[in-house]
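Novice: Read in order, the letters of the sequence shown are residues 42 to 197 in my numbering.
Think of the hints as simulated: they come from the structure by calculation, not from any bench.
C-beta atoms are modelled at their ideal positions from N, C-alpha and C, and glycine is treated no differently.
Errors might be hidden in some of the hints.
Between beta-carbon pairs, the in silico distance windows are [stated by the list, open to error]: (1) Asp159 <-> Glu75: 40 to 46 angstroms; (2) Lys172 <-> Pro133: 37 to 43 angstroms; (3) Ala164 <-> Ile129: 16 to 22 angstroms; (4) Ser181 <-> Thr131: 20 to 26 angstroms.
Using 20 angstroms as the maximum straight-line C-alpha spacing, the simulated PhoX-like pairs for lysine-lysine come out as follows [claimed, not checked]: (5) Lys150 <-> Lys190; (6) Lys190 <-> Lys168; (7) Lys190 <-> Lys156; (8) Lys168 <-> Lys150; (9) Lys195 <-> Lys156; (10) Lys150 <-> Lys195.
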Amino acid sequence: MIQSHINQNARHALTDVILLAKARKDLSFAQIAEGTGLHEAFVTAALLGQHPLPADAAQVVADTLGLDADAVLVLQSIPLRGSIGNGIPTDPTIYRFYEMIQVYGTTLKALVHEKFGDGIISAINFKLDVKKVDDPDGGSRAVITLDGKYLPTKPF
């Protein structure tokens, strides 16, 4: 039976266990996602408490990390989503995304509406990818792809 959380406590506690097991086994999120049949970004979000995993994927993760049967159940439960509390984020990496939306949010909105009409980009029917590429000027660049289904507003 599908279960749902009413607070984030169980998921936060499991995330702490997962991150400790990940560190002890010296695994990447990509390595943990192997064998789940799911994208690295989705599995990472699930391990950080933002998505439920299908039963088979939850078991693969548990086997990889050495988690118990209760962890498998929690990984399958629907979480109370939202990883950032109210207010401005203080973590520098998360803050840069906040800053990008502060600067480019209205631009993204204007361009989406101009190209698609009135509506939204789904965060449910959604894909995320992060790639590291070489910068021609030296160093590295982050290429972040947000791929969401467009959902038009329907008058009623």
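Novice: Of all the hints given earlier, name the ones this structure violates by number, lowest first.
Specialist: 2
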